[in-house]
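Chemist: Once you've looked at the hints, dock chain B against the given chain A.
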Amino acid sequence: MYLDPLTYIIDKARGIDTECLLIANKRILTRFANSYIHQNVSVDDIELSIRVVLDGRNGKVSINQLSKDTLDSALSRAIEIARLTPPDPDYYGLPTPVSLDMKKDHLIEDITPESLARKVKEFIDATDNLNASGALEASNITIALVNSNGISLEDNLSMISLEAVVQDGDSSGYVYSMEKTLEDIDFVSLAKIASDKARKGRNPVELSPGCYTVVLEPQAVGTLVSFLGLMGFGAKQFIEGRSFLVGKLGEKITSDLISIWDYPSHPKSIGFGFDFEGLPRKDVVLIDRGTAKNLVYDFKYSKKLGKESTGNALPQPNTDGPIPFNLTLLPGGSSLEEMIASTEKGVLVTRFHYTNIVDPIKTVITGMTRDGTFLIEDGEITTPIKNMRFTQSILDAFSSTELVGKDLYIAGEHFIYPTLVPALKLNSFQFTGVTR
Amino acid sequence: MKEIAYMALNTALEYGATFCEVRVIKSRRQGIEVKNGLVESLIDRVEEGIGIRVITNGSWGFAGTSFLDTENVIRTAKKAVDIARASSLTRKRNVELAPSKKIITTWNNHVRINPFEVSLDKKVSLLIEATKIMTRVKDVKIAEGSMDFWDTEKLFINSEGTEILQHIIESGGGISAYGIREGDVQRRSYPNSFGGQYETRGYELIEEIDLLGNAQRIAEEASALLDAPECPSTVTTLILDGSQVALQVHESIGHPTELDRILGMEASYAGTSFISINDRGRLRYGSKLMNITADATLPGGLGSFGYDDEGVPAQRVDIVKEGILVGFLTNRETAFVLGEASNGTCRADGWKNIPLIRMTNINLEPGVGTLEDLIKDTEDGIFMSTNKSWSIDDKRLNFQFGTEIAWEIKNGKLTRILKNPNYTGITPEFWDSLDGVCGSSEWKIWGVPNCGKGQPSQLAHVGHGTSPARFRNVRVGVR
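Chains as they are written, first to last, in our numbering: chain A, 1 to 436; chain B, 1 to 479.
So here's chain A without its partners, still in its complex pose:
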């Protein structure tokens, strides 16, 4: 049904390069803190963007109303803007249709605020009177894209995610789960994992900053992979000289144990079957056993550089260029328990907090540990430790990889696309400070 207003615009703009992108989002988010639901919201929204290109001049208008008058007026305004905008010398036209295979989720119809609230209650009850906080979110997203070259596509994505922190006085534990149905999330087990970690973390001691072996649980690995994704796999960043991969394609940049793909075809990957220009998402090997291999491309940068689009376009036009949407660090053969058991002295990190880029070329980031940081001694978790600040090059850390986890988990990093990652054991990781 969402294709109708888009087709109307394309017909009305006949003779002009036109692209319409519609994103419809229905979401319920139940948020809890201090072991009760304190915020509970449902939103039903759409955004329709109309982009016209006149002799390379882009004009774009976004609206969230679909009446005929609003559509007509938005198209007129987009054309008016295009007339006032200087031409883009790198405009290569709009993409043409390419056949693609979409997995199209079934939209979640049966979830109600009450069913979410009952699951939250189940989680809270299973924490044995510890302090539970978190968010349980169900969302249905529909994307529709039509352009004047004949692309006409619609896809759905449905997700349920739980993010929760359980506090026990001065300590806390964390769990994150993203699934396709509410039944796929085991709320009781997750509550027990977070509660157990919170209890074990009581009375943390201070560990001196320095270089340590670390065992990173998947959520912490997700932060490193997400930030690496921000710093240089896109073709535009690369040709602008702002990518850490400049001068390094084909070279060894991490340990042989590290392979990172943009991996939309992986069964656990979350995303649409096409990118924001309507081209199919492709698997791209970015780092193969430590060697930097490829970049990701959208239509414009594939044409500019004589490559094929890998289906990594953001909504056009934009300043960022193509980015990877489904970063996946390929699994190894170790369990988390084996990583801990093989560590003479090290730090177990549940997740990182408020991470930010310090030096994008050297892939240096800084952030804090959070919700469960422990000292490992002689192969066992011995002591909870106070949260620590790290300032570390991601590539240097990955160069010291000793073990890679055998299971992949979805890791969520705020404001960045989720990643698919295992746990890692790294032999060199720089902690530069400690909090109280």
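Hints were generated in silico from the structure; no laboratory data involved. Think of the CB as a built atom: it goes at the ideal place given N, C-alpha and C, for glycine as much as any other residue. Errors might be hidden in some of the hints.
According to the in silico footprint, chain A covers these stretches of chain B (three or more CB under 8 Å from chain A) [stated by the list, open to error]:
1. 178-187
2. 408-421
Below are the SDA-like pairs computed for lysine to any residue, each with C-alpha atoms no more than 25 Å apart in a straight line [claimed, not checked]:
3. K395(B) / R436(A)
4. K12(A) / S100(B)
5. K268(A) / R436(A)
Only part of the chain B face toward chain A is listed, based on derived beta-carbon distances under 8 Å [what the hints assert, rightly or not]:
6. E40
7. S59
8. M265
9. D394
10. K453
11. P456
12. L459
Modeler: For chain B alone, kept in the frame of chain A given last:
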């Protein structure tokens, strides 16, 4: 607007809500981004929608929709009530709100030049010219310029009889130059990083900040940074420019004094606070030179408004006085816990989000003298300018900030440029080392348009009135 707002309010009350507030918002945003003489992005977004928040069975519920026909608005109002009923499955106690006066009024900010009446051509030409000036400088490979404008019309009504129509126009703009050579990338921005300066003003702001007049200077600084030595790793005296003090205030004072964080309501996402509710009047936050206010009444501040999104009037309140914590940022729900009235900091990101406690303009009140005086009075130290990166722990204690540029200070004078400067500290220790705050002539309200909080994630427009300040014994050059 009014008709659908009251339809929603009446529906929710008839359906079982004991309290209801409704916001109907129409907004327009224009965003222009130019890189190396080309327009790379131009956003022109118009949207409208309704947000309905209710209390039923002593719990909160919220529903919003962009579909504004009668049937959908009624369905959405009922959905808000159903959601509140669902919330009450885990209720521990009834939500209670601090009292608020019934207000019927309109409010708009003062704008000299409506930015939406300035031609697109004029805006684009200015940014293109600025980027051309910057790319003429040696090693400046990327030059960017941007402008953002918002026009928001917001009707608020609640079941206590309040009806407020506000119209707020905001403007922002800035430029950045990237020096790039042999694997080194150095950025300089003006008047601030991450998009420049933002205020609740019109296009007059863009004219005043003089992007063309500053393009050459920052491009030359970006180029010079490529040849500069690294900021040394040491403990020293640190002077921060006003824009970096603003971010320091934002992260280490603004967020930790939000009462919802202190009460654990943001624990799973942004975190909590090192401050407890009993610290008011007792906690030494910093030195006696530290006077912090929250002031939503300052003309032009990006965190200024007439009324917050609970219909509470904008206010000026003390947060830290002579180094002692004396206040929190509150809304009606958290103020009730204190037995006080809300100090009016509850705002939502558009119609689709619930209002949360958000910073207004959180200010370090001015001290005395100029930046020149402060540098002259410093024998040995480092002056850092313009934020590049930020990070702070979930209790807002351990922070690390990077800036775009620094200068060494020797015998009261700025000497060589240093690249990749950063500094780290623990919040109360750092503020306790404050021993100089410049005066009113250097004081300016810096706009931060991207303050993130809440789930679903919301962005707020906030401000920080600050002037350059000096801190002693700070660890810099963390590597």
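Chemist: Each hint needs a verdict: does it hold in this structure or not?
Modeler: A quick look at each hint next to the structure:
A count of 5 residues in the stretch 178-187 of chain B with a Cβ less than 8 Å from any Cβ of chain A is obtained; the coverage claim is therefore met, three being the minimum. Counting residues of the stretch 408-421 of chain B whose beta-carbon sits less than 8 Å from any beta-carbon of chain A gives 1, not enough to reach three: the coverage restraint is violated. With a C-alpha separation of about 9 Å, the suggested pairing of K395(B) with R436(A) holds against the 25 Å cut-off. With a C-alpha separation of about 51 Å, the suggested pair K12(A) and S100(B) falls outside the 25 Å cut-off, and the hint is violated.
Restraint check for K268(A) and R436(A): not satisfied, since their Cα atoms lie roughly 38 Å apart, outside the 25 Å limit. At its closest, the beta carbon of E40(B) sits 4 Å from a beta carbon of chain A; the interface hint therefore holds under the 8 Å criterion. Restraint check, S59(B) versus chain A: the minimum CB separation of about 7 Å is within 8 Å; hint holds. The interface hint given for M265(B) is met, as the beta carbon of that residue sits about 5 Å from the closest beta carbon of chain A, less than 8 Å.
Interface restraint check: D394(B) against chain A, minimum CB-CB distance 5 Å, threshold 8 Å, status holds. Interface hint status for K453(B): violated, as the beta-carbon distance to the closest one in chain A is roughly 11 Å, over 8 Å. Of the supplied interface hints, the one on P456(B) holds, with its beta-carbon coming within about 6 Å of a beta-carbon of chain A, less than 8 Å. Restraint check, L459(B) versus chain A: the minimum CB separation of about 10 Å is more than 8 Å; hint violated.
The structure fails to meet hints 2, 4, 5, 10, 12 from the earlier list, while all remaining hints are met.
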